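Student: Given these sequences and hints, build the entire structure.
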Amino acid sequence: MNIRYEKEDKQLIVEITEEIDHHIAEKLRRKVDDEITRHMPRKTIFDFSRVTFMDSAGIGMIIGRYKMMRLIGGSLEITNISATVRRILEMSGINKIIPMEDKKEVG
Amino acid sequence: MFDNEMKLEFISKSSNEAFARITVAAFASSLDPTIEELADIKTAVSEAVTNCIIHAYEGEEGIIKIKGRIIKNTIELEISDTGRGIENVEMARKPLYTTKANLERSGMGFTIMESFMDEVEIDSVLGLGTKIIMKKKIKKHLVNIEDEEFASIGGVG
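Chains as they are written, first to last, in this note's numbering: chain A, 18 to 124; chain B, 179 to 335.
Simulated from the structure, these hints should not be mistaken for lab results.
Treat the hints with caution; some may be incorrect.
Claimed, not checked - Looking from chain B toward chain A, a few residues come up when the C-beta cut is under 7 Å (computed):
#1 192
#2 215
#3 217
#4 221
#5 224
#6 228
#7 280
#8 282
#9 284
#10 287
#11 290
#12 292
Since the structure is predicted, the reported quantities are computational estimates derived from the model, not experimental observations.
Glycine included, C-beta positions come from ideal geometry on N, C-alpha and C.
Tutor: Take a look at the structure:
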């Protein structure tokens with residue numbers, strides 16, 4: 018996972034590089050929550066371009082961060098979602114409350 | 179194609195979630211599934227194993243067993259634990275129902291297993307454990323030319 022804070026835009030960019038399961042979700046949430054508390058960003062963006070696998074633990078992790086961002090008056094966005102990950106997100110219905118952008122097909 | 183069987187046993191550590199789904203995916207690969215079918219199986223296994231770790235053993239150490247079978251073009255998986263068992267199976271199957279919201283569980287585990295696999299059977303006894311049996315038929319894909327050539331050569335000899 019790579020996290021960077023863009024001061025000017027008050028954006029926290031979280032690039033996830035692991036497969037998101039319960040094991041990884043626990044680590045992600047601790048790290049991301051620390052960063053949110055530290056910077057109090059206006060927006061947190063999850064970059065999913067390197068996420069090749071996600072199960073329901075990812076849904077819980079995303080909803081948790083969404084609630085946290087709402088609590089501090091900010092928002093959450095997910096970018097570069099693959100088709101397999103999108104299926105899981107749609108099943109839970111969170112695509113209706115969180116803005117999501119699909120991965121652009123290369124070529 | 180030969181039928182096949184395997185058994186896998188490991189302790190309920192969350193780092194074994196990846197181990198379990200990757201191993202099952204390798205076992206399933208002889209059926210020549212599409213990327214999507216393989217993702218379905220991996221996700222269903224990940225959900226079942228996570229349930230064992232979080233719900234059955236509640237973070238304590240226990241043994242998780244996976245039996246895999248390939249019969250014709252169907253993969254059958256039996257994932258079992260000897261943990262606490264499910265109090266209400268009907269509720270557990272419901273989307274968004276969870277007894278562990280404090281752990282940020284989404285309650286989508288069984289819903290995902292059911293939509294990604296053809297059949298999901300839950301066999302649970304309180305205090306004794308849970309066994310999940312899941313089946314998925316892998317669709318036949320177009321036979322590639324090499325296979326056909328090989329078949330015809332075999333036919334001549």
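Student: Are the hints correct? Go through all of them and say.
Tutor: These are the hints, each one checked on the structure:
Satisfaction of the interface hint for residue 192 (chain B) is found here, the shortest Cβ-Cβ separation to chain A being roughly 4 Å, below the 7 Å cut-off. Given the 7 Å rule on beta carbons, the hint for residue 215 (chain B) is violated: about 11 Å separates it from the nearest Cβ of chain A. Checking residue 217 (chain B) against chain A by beta carbon gives a least distance of about 5 Å; that is within 7 Å, so the hint holds. Restraint check, residue 221 (chain B) versus chain A: the minimum CB separation of about 5 Å is within 7 Å; hint holds.
Here the hint on residue 224 (chain B) is kept, as its CB sits about 4 Å from the closest CB of chain A, short of 7 Å. Nearest Cβ of chain A to the Cβ of residue 228 (chain B): about 4 Å, under the 7 Å cut. The hint holds. Taking 7 Å as the C-beta contact cut-off toward chain A, the hint placing residue 280 (chain B) at the interface is violated, the least distance being around 11 Å. With a cut of 7 Å, the hint placing residue 282 (chain B) at the interface with chain A holds, because the nearest CB-to-CB distance is about 4 Å.
Nearest Cβ of chain A to the Cβ of residue 284 (chain B): about 4 Å, under the 7 Å cut. The hint holds. With a cut of 7 Å, the hint placing residue 287 (chain B) at the interface with chain A holds, because the nearest CB-to-CB distance is about 5 Å. Against a cut-off of 7 Å between C-beta atoms, the interface hint on residue 290 (chain B) holds, since the closest Cβ of chain A lies about 6 Å away. Nearest Cβ of chain A to the Cβ of residue 292 (chain B): about 10 Å, over the 7 Å cut. The hint is violated.
Violation of the numbered hints given earlier is confined to hints 2, 7, 12; the remaining hints are satisfied by the structure.
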